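Single-letter residue listing:
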Amino acid sequence: MAGDMMRITVRYFAVVRELTGRIEEDIEMPDDSHGAVLLDRLAESYAPLKEYKPYLRLATDSAFLSLDDILDDGTVINVIPPVSGG
Amino acid sequence: MVGLTEERIDIDGISAFLRQAEGGAIDLFIGTTRRFTDGKETTHLAYDAAPDLARAEIHRMVGEAQSRWPVLRAVVIHRLGTVPVTEASVVIGVATPHRAASFEACRYLIDTLKKRVPIWKKQLFADGTAEWVQGTVPE
Chain A
9 MAGDMMRITV RYFAVVRELT GRIEEDIEMP DDSHGAVLLD RLAESYAPLK
59 EYKPYLRLAT DSAFLSLDDI LDDGTVINVI PPVSGG
Chain B
53 MVGLTEERID IDGISAFLRQ AEGGAIDLFI GTTRRFTDGK ETTHLAYDAA
103 PDLARAEIHR MVGEAQSRWP VLRAVVIHRL GTVPVTEASV VIGVATPHRA
153 ASFEACRYLI DTLKKRVPIW KKQLFADGTA EWVQGTVPE
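Chains A and B are the protein sequences, given in the same order. Using the numbering used here, the first residue of the first sequence is number 9, and each one after it goes up by one. Using the numbering used here, the first residue of the second sequence is number 53, and each one after it goes up by one.
Source of the hints: derived by calculation from the structure; they are not laboratory data. A portion of the hints provided could be inaccurate.
As the list claims (entries may be wrong) - With a straight-line cut-off of 27 Å between C-alpha atoms, the simulated BS3-like cross-links for lysine-lysine are:
| # | chain 1 | residue 1 | chain 2 | residue 2 |
| --- | --- | --- | --- | --- |
| 1 | A | 58 | B | 174 |
| 2 | A | 58 | B | 167 |
| 3 | B | 166 | A | 61 |
| 4 | B | 174 | B | 92 |
| 5 | B | 166 | B | 92 |
| 6 | B | 167 | B | 92 |
| 7 | A | 61 | B | 174 |
| 8 | B | 167 | A | 61 |
| 9 | B | 166 | A | 58 |
Stated by the list, open to error - Per the computed footprint, the stretches of chain A lying under chain B, defined by three or more beta-carbons under 8 Å from a beta-carbon of chain B, are:
| # | segment |
| --- | --- |
| 10 | 12-25 |
| 11 | 69-83 |
All values reported here derive from a predicted model rather than from experimental measurement. Glycine is no exception: its CB is placed at the ideal position from the N, C-alpha and C atoms.
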């Protein structure tokens, strides 16, 4: 039904965890929202994230997502800043 | 052998695991905490990760290496949390029948890990300051 909302759990890491002051949170969004909508929402909610937005990727616990991918209700989405392992 | 650990990495155990009767070459890469970066003294590094995704990406890149080179055994272990100067943050090992493939596959694994695996490094300096290392946007 149009207009329904979904809930996703968003997890933050490294610099994004420091900028948001959170480890994770649940966010309600309209059904069928795609990844870009989530990033827009995060940049609105957390001003310091704005400058990072072009460099953030989204991922499930098993794979990276495209910003065009539709997010599924009830899933965990990881917000991935530029990686620096090794 | 793939994993993330908060303990000191057992390099001798990894070396033993890589010794294979069919193998003729082992390439072992050990990334360690360096004391000076651009003239600034580091006391230790601190690593964060998205653990499930990191393990999935490491498994994927090992699979890619196995499809390109005759890999008999591969190891990718990354340490998380605090890593003092001189200690290993990452160990990558590859066993193959001949040396060229072991060099190439090992290089592929560490280069790919740095580009794609969701792990983050924070430098903690002797002057009390700290900063996340500027990273790479995963492709």
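For each hint, the structure was consulted:
1. A/58 / B/174: With a Cα-Cα distance of about 21 Å, the restraint between residue 58 of chain A and residue 174 of chain B holds, given a limit of 27 Å.
2. A/58 / B/167: 23 Å, holds
3. B/166 / A/61: OK: residue 166 of chain B and residue 61 of chain A at ~21 Å, within 27 Å.
4. B/174 / B/92: 14 Å, holds
5. B/166 / B/92: 22 Å, holds
6. B/167 / B/92: 24 Å, holds
7. A/61 / B/174: 20 Å, holds
8. B/167 / A/61: 18 Å, holds
9. B/166 / A/58: 25 Å, holds
10. 12-25: holds (count 5)
11. 69-83: holds (count 4)
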